[in-house]
Amino acid sequence: MDPVIADCGVYENGRRVSGRISLDRAAEAAHSTSGFVWVGLQDPTAEDIAVVADAFGLPPLAVQDAVHAHQRPKLNVYDDVVFMVLKPVRYVDHEEVVDVSEIALFLGRNFVVTVRHGRSDVLGRVRAELDRGGSELVSHGPKAVLYRTADMVVDGYEEAITSITEDIDEIESQVFGTDEDDHAERIYKLKREVAEFRRAVLPLAAPLQRLADGLIPGIDSAAAPYFRDVHDHALRASDAIEGHDRLLSDVLQADLARVGVRQSKIAVRQNEDMRRISAWAAIALAPTAIAGIYGMNFEFMPLLTSRYGYFVILAVIGGVCWILYRLFRRSDWL
Amino acid sequence: MDPVIADCGVYENGRRVSGRISLDRAAEAAHSTSGFVWVGLQDPTAEDIAVVADAFGLPPLAVQDAVHAHQRPKLNVYDDVVFMVLKPVRYVDHEEVVDVSEIALFLGRNFVVTVRHGRSDVLGRVRAELDRGGSELVSHGPKAVLYRTADMVVDGYEEAITSITEDIDEIESQVFGTDEDDHAERIYKLKREVAEFRRAVLPLAAPLQRLADGLIPGIDSAAAPYFRDVHDHALRASDAIEGHDRLLSDVLQADLARVGVRQSKIAVRQNEDMRRISAWAAIALAPTAIAGIYGMNFEFMPLLTSRYGYFVILAVIGGVCWILYRLFRRSDWL
Amino acid sequence: MDPVIADCGVYENGRRVSGRISLDRAAEAAHSTSGFVWVGLQDPTAEDIAVVADAFGLPPLAVQDAVHAHQRPKLNVYDDVVFMVLKPVRYVDHEEVVDVSEIALFLGRNFVVTVRHGRSDVLGRVRAELDRGGSELVSHGPKAVLYRTADMVVDGYEEAITSITEDIDEIESQVFGTDEDDHAERIYKLKREVAEFRRAVLPLAAPLQRLADGLIPGIDSAAAPYFRDVHDHALRASDAIEGHDRLLSDVLQADLARVGVRQSKIAVRQNEDMRRISAWAAIALAPTAIAGIYGMNFEFMPLLTSRYGYFVILAVIGGVCWILYRLFRRSDWL
Amino acid sequence: MDPVIADCGVYENGRRVSGRISLDRAAEAAHSTSGFVWVGLQDPTAEDIAVVADAFGLPPLAVQDAVHAHQRPKLNVYDDVVFMVLKPVRYVDHEEVVDVSEIALFLGRNFVVTVRHGRSDVLGRVRAELDRGGSELVSHGPKAVLYRTADMVVDGYEEAITSITEDIDEIESQVFGTDEDDHAERIYKLKREVAEFRRAVLPLAAPLQRLADGLIPGIDSAAAPYFRDVHDHALRASDAIEGHDRLLSDVLQADLARVGVRQSKIAVRQNEDMRRISAWAAIALAPTAIAGIYGMNFEFMPLLTSRYGYFVILAVIGGVCWILYRLFRRSDWL
Amino acid sequence: MDPVIADCGVYENGRRVSGRISLDRAAEAAHSTSGFVWVGLQDPTAEDIAVVADAFGLPPLAVQDAVHAHQRPKLNVYDDVVFMVLKPVRYVDHEEVVDVSEIALFLGRNFVVTVRHGRSDVLGRVRAELDRGGSELVSHGPKAVLYRTADMVVDGYEEAITSITEDIDEIESQVFGTDEDDHAERIYKLKREVAEFRRAVLPLAAPLQRLADGLIPGIDSAAAPYFRDVHDHALRASDAIEGHDRLLSDVLQADLARVGVRQSKIAVRQNEDMRRISAWAAIALAPTAIAGIYGMNFEFMPLLTSRYGYFVILAVIGGVCWILYRLFRRSDWL
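Chains as they are written, first to last, in this note's numbering: chain A, 1132 to 1465; chain B, 1132 to 1465; chain C, 1132 to 1465; chain D, 1132 to 1465; chain E, 1132 to 1465.
Derived by calculation from the structure, the hints in this document are not laboratory data.
Since this is a predicted model, take the numbers as computed values, not measurements.
Check each hint, because a few of them may be wrong.
[Claimed, not checked] Far from chain D by the CB rule (all over 12 Å, computed), these chain C residues: (1) Ile1136; (2) Ala1158; (3) Pro1190; (4) His1201; (5) Asn1207; (6) Ser1270; (7) Gly1349; (8) Arg1389; (9) Arg1406; (10) Arg1407; (11) Ala1412; (12) Met1427; (13) Glu1430; (14) Leu1435; (15) Ser1437; (16) Gly1449.
[Stated by the list, open to error] Straight-line C-alpha distance at most 30 Å; calculated BS3-like pairs for lysine-lysine: (17) A/Lys1396 to E/Lys1396; (18) B/Lys1320 to A/Lys1396; (19) B/Lys1396 to A/Lys1396; (20) D/Lys1320 to A/Lys1320.
Beta carbons: idealized from backbone N, C-alpha and C, even for Gly.
Extracted from the complex, chain A is given alone in its bound form (with noise of 0.2 Å):
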């Protein structure tokens, strides 16, 4: 069986009635279920979603969509398909990436078809939950995969969010805190993450809201509250990304200022020694200068000859130092 296929089988009266079923049986059965067929295909090729789209008389644009991932969020609705693109969001905290996958799913009267790109594990714990039955899920039909498949997306965006909340946090004690570092570029990359993270969720809202609203054909309006629930969390989700973004924007800001004010903060150390050094290389230039007076060999000089000359002389030097070193501690220099 092809790899592609993650899974095909049937679900009737609430439970799954089929194993792995093979492609042609899924779409014969598709025809005469009470039920329905899911088909999940990861990562296929424009080949091997042709096989599928042709069995399930999929729409051709929604195809191609389907198979160049890099899709926003949205919803189209086809003559008797609906069709539906999501970004499910997985953040790994140790490297700070924002990592986006895709979801696109195929609503037929009688089967799902969904295809994935990229590492969610979304889909596979929807399966799960309709696999181990006793859910009521599964007698609502397609809608139900995705209601759950969206419910699962959203609920993955605010666990995101959470694991970022608690990174921007480390990042403001760090910012603000006595850490040296320049943290400008953690910052960047973050604020760069939440873009990514913002472009997989806002978009997501107006379809959300449209099935809310149950405005789309073949979803009938019980499954409205449900999707309004999935809408105000999305909305949710939305505010708190905003919300990052704004905050790292503001963190920045302040990292970038603080780090040239830390820069400040050393030259201002270093000028003061400087200014401790100059202060006493002035204070010893006096005995120099004034020893060097002294030193000059004239024939006829006072005090040259005189007895305690010497000691008059070194109590001046020492005398100049001393009010040196007073002028020079008043100044606030020493």
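Dock chains B, C, D and E against the given chain A, drawing on the hints supplied.
Okay, now just chains B, C, D and E, sitting in the frame of chain A:
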């Protein structure tokens, strides 16, 4: 009785007609009373609330949201229950922290179930008001509880805003005053609190608008002006919070810049000192150099044997120092 | 008569037909007159206004808002009363402060109740205009009072804007001039005032729009063009205020940067001085060193006994100093 | 004839059928002609315009706005008169000033009254176009005048934008070039002019939209595509102006930062000089110190009496200087 | 044949049925064919296009817009012609320049007239696709040409975005790397290019939305999903461009700050050197001063005549130097 149940009473004909009753009796009373029953829960677990949800037929999705705090303010209408989330805030002045709690209300035809997370005293004050009687509010049933709660929550916003305004005033006078400290951390943290505050307030406008427009089934248009009033106040709070946020951005920028300037001023003062010390040292070098020359041991040097040579040179040294001193003064170096 | 009642008069057939009458007679007259009664209150307490509210049947929520100043500009329609809040401003030029006051108007079919908080003279001027007569305004009843008040309030905005524009021009010429001061505080404070101004003006657009569209019951569409005109002017004021705010942001940024640059320029000048002093000191070290060598007491030293040794060395010293001087000049150090 | 009346003529059957006629005859002609009358006023006082307003029955509020310049671009519909305000701009390149003037147009069924404030030549050019004849425009009556005026005003915006783009290009190459000047003032002032420009252009989109949608009574939908075209161009101008504003913000930030960096570079160069001078001075201190030691007057000092002592010490001095020189070179201080 | 006519052919029954024909025959064919005629012009003058406009009855205003390039992306509907302007971009990587060209399309019932300004190859590729046949596109007539063109233009946006993303990645690693250069100019210029890019993309969303909603007469709703797809991609491009713009703002700010910090670090290193040199010089002053004292010529000085005086003083000098050295080391000055 379960400690998560804060209170549970029956209101009829405009006043409270029961003490704290059990949940079973409350559910019963909700069916039989012409008034309404109020069940108040605090920090309930999923199990706690399940019992109440079951007794009153609360919509499961809303119940889930009520258990997990950290919702956005919102208003969802289910078949016969209106569900609203409000986020009261309390500004803890000495820590400059905005403490956001959460209140969820389920409004049925004859009952109100309130769920409180965090330390807000709003519900307690509403209940006290109702219990006190005298007000005709009680006779308006569940929607009166919603109105009073929303009104008090929004009044609480205005109190918090007033306190924050005072703190910003204080910060301003420090930043632009003679205070030498760096206020970046304080400003940044207050900005973060204001951002959280905003997340509690801004999304509230839309639900209140719907209430003010009388669009919520079960809340008749007679109540609309009351919610219009709350809506006006919520908008005012939003305006003020946005204003605070912008002010804090400006004052942060000013603070960061001023800290830099303050450092520069210190450097300028230090440089002046260095220039003065160096200038004095330069003056002191003159006698050293001249005396050095007359300290050379050449046999044939003019002046050495002269009677007044020594004094001539002393005068020369004095003159050179004086000239240097004048030059340096003229250059403003001394 | 109660001092909080500024005036109380009856207007009929296009002119004032009474002096200042008592509140009881006013309420009576409001029922009997074909014109209208105007009751003007200033800074009333809840008790003061309760009497008036009772006499004229004012909606309690609006009355509450009228007592507590600090409302947003707004327009609420009650059953038979229109309630509007306006926020006149006055720019106190010598303090660069925007003084925001508040006017609340209750418009009934045959009465106007106005409540004033703060020092605005708008209501006084409207009343003077009406009392003067001659204008056909009076015959249009309460809505004419609303129109004239709103018009004068918005005209007041434009006056304030003109004054602020002048102050910004002054700030600009200072920031970009030779002025050495730091204008950050002044700019910041003006920015804060402009922000408060904005809060008074921006929310006014929506109510004026509704009036201009003739959507307010009791204010017939014949008045719409008048309110359209006020609305246009309010929008212009909003544009100008937004422009001011942006200009002030830019000029604040420029000012902060320029103060930094100015400090750097001082540092550069100081560094030049230091370099010059050091260069001279370095030159002075040459004779000291050379002379020191010939001051050594070796018995056998060439030149010492030579007749011209002294002059040779003097020439060497001079030459070395000259060369150093030339070198330092070439390096632009002197 | 009144100098405030720029021209006054009758247009019929697609061409001008009168010279400059008096106001009375114009008003008369407006009633009798199958074409239309155009009265052009420039900088009229309230009295000047009152006569015209009276003759043509212009709406008083609009007349007031036409007298007081400094309106926002707008379009108001009165019973049988359409009133539009346009704000032509002219970019005075050598002063880098956006000169905003104002044109008010009153369009009746058979007349156009235009009021011009400031130095725009748009109306003159429209009139010249009409007088020249040949175009079928004239036969479309007043709305053709409106179209041509709006079209030329918006064309003028594009010319101004082109000139401003060139100035921004010039500023960019200066800021990022080797130019040592500070361009903050120039950038700031251009930004202010662009802000004024924006205030003239942005509010124009809404009125043009209404004209393009054919929503203005008296301006039939056949004219809509023409106004749609002007609207498109106005939007393009808005886009460009917004773009300019953002570019100028960026370039201002870059300029301010670069001036700071330039100052720092000067400081770095100066510090290098200082280090070099100090290093040389430090080297010069070695001979001074060593020679000083051998200049001491002790009776018993080794080497002094040695025949080669002097040369040994000279060699030592030279060696020490050489070592210091090598060390300083290695540390990159020389 | 006129060189401004790139090509001119007839498409019928899903394939091209003519070679390059003359304009006259094309206009004729447009009336007789069941397919459609495509006339492609490149950089036409007003005269060139007038001939075509005449032959196909193109709306004059649209024709004017097609001649003057520098339009906004837009879609205007005339009586029986749809006019659309698209702005393809090409990112010239080695110059980091976004090259924006312009395509105008006139869609009639049986003809397409395309006008190209600049170097886009989009129209050529669409024509090649059609000429190649095989695709069922041709049978959908003019609107298929519009779809393919819009689709390729938007695909081109995504290519450009990918290249810009790579350049931004490169800039990031340079700014946060060890690279000592200032990247402000590069970042600023790329930001300017992105701004121009945005002006080409953002206004395209509204016309595509109208096409996707099937609101354009003559373009049946069967085509809507195709344009919906293009619209989705255009939105994604807009998102990405906005994201780029914000990233570049952040990285510009970071770069400007880091250049400043780098300068400060150099200054700190220089100051350290200066401190070290000064400290050594201060140490060297000690022997000079002490030796100077013992070089004085007093007759009576203790120690001078002592046999070990010289050595005692040498030891003193050595000791003082050692103590100074230890002190300076302890202060971290050496």
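Right, here's what the structure says about each hint:
no.: 1; hint: Ile1136; in the structure: 33 Å, holds
no.: 2; hint: Ala1158; in the structure: 35 Å, holds
no.: 3; hint: Pro1190; in the structure: 31 Å, holds
no.: 4; hint: His1201; in the structure: 29 Å, holds
no.: 5; hint: Asn1207; in the structure: 26 Å, holds
no.: 6; hint: Ser1270; in the structure: 16 Å, holds
no.: 7; hint: Gly1349; in the structure: 21 Å, holds
no.: 8; hint: Arg1389; in the structure: 7 Å, violated
no.: 9; hint: Arg1406; in the structure: 5 Å, violated
no.: 10; hint: Arg1407; in the structure: 10 Å, violated
no.: 11; hint: Ala1412; in the structure: 7 Å, violated
no.: 12; hint: Met1427; in the structure: 4 Å, violated
no.: 13; hint: Glu1430; in the structure: 5 Å, violated
no.: 14; hint: Leu1435; in the structure: 9 Å, violated
no.: 15; hint: Ser1437; in the structure: 14 Å, holds
no.: 16; hint: Gly1449; in the structure: 16 Å, holds
no.: 17; hint: A/Lys1396 to E/Lys1396; in the structure: 12 Å, holds
no.: 18; hint: B/Lys1320 to A/Lys1396; in the structure: 23 Å, holds
no.: 19; hint: B/Lys1396 to A/Lys1396; in the structure: 12 Å, holds
no.: 20; hint: D/Lys1320 to A/Lys1320; in the structure: 35 Å, violated
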